[in-house]
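**Student:** Chains as they are written, first to last, in this note's numbering: chain A, 133 to 968; chain B, 43 to 215.
Source of the hints: derived by calculation from the structure; they are not laboratory data. Backbone N, C-alpha and C fix where the C-beta goes; we use that ideal spot for every residue, glycine too. Hints should not be assumed to be uniformly reliable.
[Unchecked claim] Listed below are the simulated SDA-like cross-link pairs for lysine to any residue, each with C-alpha atoms no more than 20 Å apart in a straight line:
1. B:Lys168 - A:Ser556
2. B:Lys88 - A:Lys632
3. B:Lys88 - A:Glu647
4. A:Lys724 - B:Arg145
5. B:Lys168 - A:Asp868
6. A:Lys903 - B:Lys168
7. A:Lys632 - A:Val966
8. A:Lys671 - A:Leu851
[To be verified] The following residues of chain B were derived to be distant from chain A, with all beta-carbon distances above 12 Å:
9. Phe56
10. Ser70
11. Ala81
12. Gln99
13. Arg127
14. Phe134
15. Glu155
16. Arg163
17. Thr169
18. Ile178
19. Cys181
20. Asp189
21. Cys206
22. Leu210
[What the hints assert, rightly or not] Estimated spans, in silico, between C-beta atoms of each pair:
23. A:Arg358 - B:Gly132: 48 to 56 Å
24. A:Asp650 - B:Ala91: 24 to 32 Å
25. A:Ala574 - B:Glu192: 36 to 44 Å
26. A:Asp478 - B:Leu214: 50 to 58 Å
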Amino acid sequence: MAEAEIPIVKRSLFSWIFPGNLKYQLLLLLIIVIMVFARVLPLEMQKRIVNEAINLRNIDLLFRYCGLYLAAVVLASGLKYLTAVFSTLIAQTTTARMRKELYRHILTLPLSFFRDTQPGTVVNALSTELTLPGNFAGIAVASPVTNILTLLAFAGYLFWLNPLLAGVSLSIYPLVLFLIPVLQRGVNRANKRRVDAARKFSARVAESISGIHEIHGNGAYRIESRKYDKLVDRLLRIRIAWSLYRFGVKGVNNFFTGLGPFLVFILGGYLTIKGQLELGALVAFLSAQEKLYDPWKELIEFYQVYQDASVNYKKTTQFFDVQSDYALEPRDREPFELDGSLEVKDLSFVTDSGIRLLDGINLSLKAGEHLALVGFSGSGKSTLALCIGQLYKYTSGSVMIGDREVSALTKKDMVNNMGIVAQSPFIFDGSIEENILYSCQALANGNEQPSKDGVPTLDDIIATLHQTGIFVDILRFGLNAFLNHDKNEDLVEVIIRVRKNFQRDYGADLADYVEFFDEDKYLYYSSVDENLTFGTPNKEQFTEANLCKNEYFLKFLDQADLTRPLLSLGINLCRQTVDILGNLPPDAVFFKQSPIRAEELDEFKVMAMNLKKKKLHQLEAQDRRRLLDLALRYIPGVHKMVGLSEILETLILEGRALFREKITADDPDAFSFYQASEYIYSQTILNNIFFGKTKTSSSQAQERIDQSIIQLLIEEDLLEAIIEIGMHFEVGSKGDKLSGGQQQKLAIARVFLKAPRLLIMDEATSALDNKSQARIQNLLETRWKKKSTVVSVVHRLDTIKNYDKVAVMKAGKILEVGTYDELMSRKGALYELVGK
Amino acid sequence: MSSLENNSVPASEFQQNLTLLRQIYFFSGLPLETLKVFAYLCTREKFRAREFIFRQQEDDGQAFYILEGQAQLERTVEGQTTTVRSCEIGEFIGGLTLLGDRRRLFSLKAVTETTCLVLNREKFNKTMEQFPNLMIKICKAVAQRIDTWEQRFLADRVDQCGECLPMLGVTLI
C-alpha cells in the first residue's frame, strides 16, 4: 500500500479519486457509456416515429419504435440511479477514509500544536470540512464523463442530422464557456467578502450582548445601534452584489441556452419549408437541442463543486501539515527494551518565543533509583519531566534512557518502557474497568488490531486498586448500583443477611447518618414519589418515569388533594433551580443537588420563562406533567433551594396511607412495599443494606460508614462481587462523575498496573487526601525501588525524605541535587524551601 | 395556591445560606449570581461533641461557618496538645483552604454538638472557573483581612511579643 505511506496532509485532492475506489470508478465508467447510448436512442426513435411510422401510417412500426423508446428511457433512468448509487458509495467511503487518516495524523501531532489549536477547529475539520472534498471524489469521474459524453453524443447526433443547423445552434456554447468563469470569479470574490463580513457581524452582536450591562449603564443604545447598523449596511451591500453575480451566472446561462431553440426554429423552419429538412428530423433536432441543457448545467455545477472542494481540502490539509516530532514505530527492528537508567546532559528547552524554560540541566539516575523534583511552580519541574518522557521536544542537550537518546526513540519505544501520570490526568468516557486497563491495552495492542493479550487478571487489578486506594471508591460505586431481578438472586439473599447484621452491629451507632425506612415517618432523603408509594413498582406503568403519565396515579393525586400543591412545588423548584443553575455548564458538581438533570436544564429554562407569563391553570397538559414529575423527584434533604412546608408533608404522609389502601384493593401486585425482610430492587445495594438512605455527605461520616460496611461484606465474602459491580461504573465524559482525587487515583492505578521501567509522576498525588498520598508514597518506596526508575515532580515536601535523590529547581536550572539529608544539612535551597 | 407558594413555606436552606454568605467577608464582595451558586452548593454537617471537624496535618479542603454549637482550635506539637482558642457561632474558618492545597496547622474539635455550613475546594474551584474575573475580588478580600489582622495585632499586642518580634510583618509577604 504505497499511498498509506504519504500522510494525508501531503496528498492532493485528486489522489483520492482512484486509489481505493478503482473498481467502483471503472464500473461507473462502463455504466455511463451504456447510459449515454440509452439517452441518444430515444432521439432517433422520435425521428423514425414521425418520419416512418406516422408518415407511412404503419401501426407495427409505431409500436416497435415506441417500445424501443420506452426501453431506452427505462434503461437510462435505471442506469442514472445506479450511477448515483456508485457516486454516493465512492463519496461516502472517501470521506470516511479522509476522516480516519486525518484523525490518525492529528493524534500524532506534537503537543505544542494543540496549545494553539481549539478543539472546535479539529472537530470542524473532521466533520464538516471534509464532506465536500469527499463528495467531489464521488462525482470526479462520473459527472464530467457522463455530461461530456452526453454532450458529445447529442452534438454528434445533431451534426449527423444536419451539420449546418448543428454548427449554428452549438455556436452559442463557446461564448457561454467564456462568460461563466468570469462571472463565477465575481461570485467567489463576493462570497469571500460575505463570509468575512458575516464573521465581523456576529462578533459584534456577541460583544454587545455580553457587554449589555455596560450599554444599559451608560445608556449607550444609540452608539451601539450605529456601530451595528454600519455592519448591517455593509453586509447588505455585499449580499446584494453576491446575489446579483449569482443570478448573473444563472441568467446568462439560461439566456444562451434559451437562444438555441430560437436559432433552430428560424433556420430549421426555413430549411423544412424549403424541403431541405424532414419534419421528423426537425423534431429530433429540437429535442436534442433541449437535452443539451441538462448535461451543460451539471457540468457547470461540477465546476463549482470542484472549486469549493479544492479550497476546503487545501485549507484543511495545510492547517494540519505539521511534522510529528517522533516516528510512531520503529521500521526495521523490534521496539527497544530499555534498562531504566537516566542520563541528562546540558539539557535546554527554549520555547518558540525564545523563553528558556530549562537551562543546562545535568542529572544522572541508575536504573531503579527514585528522583524527586522540587521547586516553586514555574521552576521547570514539569517541563523537565515531560522532556524526559518525550512529551516535549527538548531544544538542545541530551536525555538518555538506558543509553539511548530520547529524541531518536520512536513513540513505541517510549510507550513500552515508560509510564506517565500527568498533572491533570485525562479519564475517558467508559467504565472504570476500561480506564484502568487503558495503559495496559495501549501497550498490548500497539497500533495493530485490538487483542486481549497482556490484559491483567482480576486479581492483579484488585491488588492495584488496593495499593492506590481507589478500592474504597470503587466499592462505593458498586454499593450504589442497582441489582437486577433475574440476574442477582444469590447476591440478594446475602444482602438481606448483611442488612440484619448491619442493624444488629451498627444500627445504633450510625443512626445519625442514616435515615431508616419507616412507614410512619416522612423520609427527608427520599423523593416525594418514594414517600407516596413507599414501595418498588413491579409494573412498567408505575415506574418513576411513567408515574406522571399514569391516569390511575394522577387520579389518586387528585383524591389526596395533592395535585395543586405538588404543581406549585414543581413551579417553585423549576424557578429556583433555573435561577441558580441557569448559566452553568453540565458539570456533575453543579447538578448533584439539583432535581433538574443537566440535560433537562434547557427545557426547564424555557418552562421558567413561560411560567412568568402564565398562571397555573393556564399551563398546558404537557407542562403540568413535567412540573408534576419534577415535584415527585423532590428530595427535601438534598434539594435545598426549596423548603418543604408542613402542610405538604402532612398531605403526603396521609397520601401514603391512602395510596396503599387503594392500590392493595385495585391492583395488589403493582407494588412491593418496603419491608425489612425483602430486597428492594428500586434501591441501591447500599440502601438495601441500610434499609434506609444516607443523610450526610461528610467525609468523616462516609468513612465510618465505609468501615462498617466493608467489615460486613468481608464477613459475608461479598467484597469481590461488589467490586466487580463497581468496576462497571460509567465515569462519564472526561470522567466528570469522578472527583479530582478519584481521577488521580485511577490514573495512578492504570500506570501501576502497566508497571513500566521508567515512571514519571507529574504532581501525581496533588488531589489526594493525606492517607492516600502516604499510601502511594509508601508503595513507591517498598514495591518500586530498585525495580523501576521514578522521576516524580513533587509539590508537597513532606513526602520526599526517602527518595534516592532530590533535585531543587529554580527558573529552569537545578540548584542542587543530593539526598534529602545531605541537602538539608547543607542548608541551601531545599532547606529554605522546606522552611524549617 | 398562593398560600402554599408563599407564606407558609419557611425560608429554604438555600435562602438562609445566601443571607449567611453575604455576611462573610470572604464572599460578601461577590455578585448575587455567584453567591447564589455558593449558597446552593453549601451543605450542613453536624458534628458530635468531641468529634474532629478537621485535623492538623490533613488537607480536608473545606471551609466552615459555625451555625450552632461550639468548637475549639487545637495545636499538637510532639504529642502535646494545646488549646489555641474557642470558635463560636458565626465564625468562618478556612477561607485560605479553598484557595489552594494546604495542610491544616491546627485541629478543630467540636466541644458541644456543632452544626457547620461547609463548602469544599472542588465546588469552590468549579464555580470560580465559571466566574474567572471574580477571583481577584476574593484575593483582595483575603489580603484586606490579613492586613486588618496585623494592624490590630500591632496596635493591641505588639508589646507582649518579646522574642517573636522579628517574625512580625505577615503583610509584607
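**Student:** Decide, holds or violated, for the assertion that all CB atoms of chain A are farther than 12 Å from the CB of Arg127 of chain B.
**Tutor:** Its Cβ never comes within 12 Å of chain A, the nearest being 23 Å, so this holds.
**Student:** Please check whether the beta-carbon of Leu210 of chain B is more than 12 Å away from every beta-carbon in chain A.
**Tutor:** Non-interface label on Leu210 of chain B holds, nearest chain A Cβ at 17 Å vs cutoff 12 Å.
**Student:** Tell me if the straight-line CA distance from Lys168 of chain B to Asp868 of chain A falls inside 20 Å.
**Tutor:** holds (12 Å)
**Student:** So is Thr169 of chain B really clear of chain A, every C-beta pair being over 12 Å apart?
**Tutor:** Per Cβ check, Thr169 of chain B is inside 12 Å of chain A; nearest 8 Å; violated.
**Student:** For the pair supplied as a hint, Lys88 of chain B and Lys632 of chain A, confirm whether the alpha-carbon distance does not exceed 20 Å.
**Tutor:** violated (27 Å)
**Student:** Going by Cβ atoms, does Phe134 of chain B stay more than 12 Å from chain A at every point?
**Tutor:** holds (18 Å)
**Student:** Are Lys88 of chain B and Glu647 of chain A close enough, with their CA atoms no more than 20 Å apart?
**Tutor:** holds (14 Å)
**Student:** Are Ala574 of chain A and Glu192 of chain B spaced within 36 to 44 Å by their CB atoms?
**Tutor:** violated (54 Å)
**Student:** So is Ser70 of chain B really clear of chain A, every C-beta pair being over 12 Å apart?
**Tutor:** Holds, since 19 Å exceeds 12 Å.
**Student:** Assess, step by step, whether the Cα of Lys724 of chain A is no farther than 20 Å from the Cα of Arg145 of chain B, and give holds or violated.
**Tutor:** violated (27 Å)
**Student:** Could you see if the CB distance from Asp478 of chain A to Leu214 of chain B stays within 50 to 58 Å?
**Tutor:** violated (39 Å)
**Student:** Find the nearest Cβ of chain A to the Cβ of Phe56 of chain B and say whether that gap is larger than 12 Å.
**Tutor:** violated (4 Å)
Of the hints listed earlier, those the structure fails to meet are numbers 2, 4, 6, 7, 8, 9, 11, 12, 15, 16, 17, 25, 26, in rising order.
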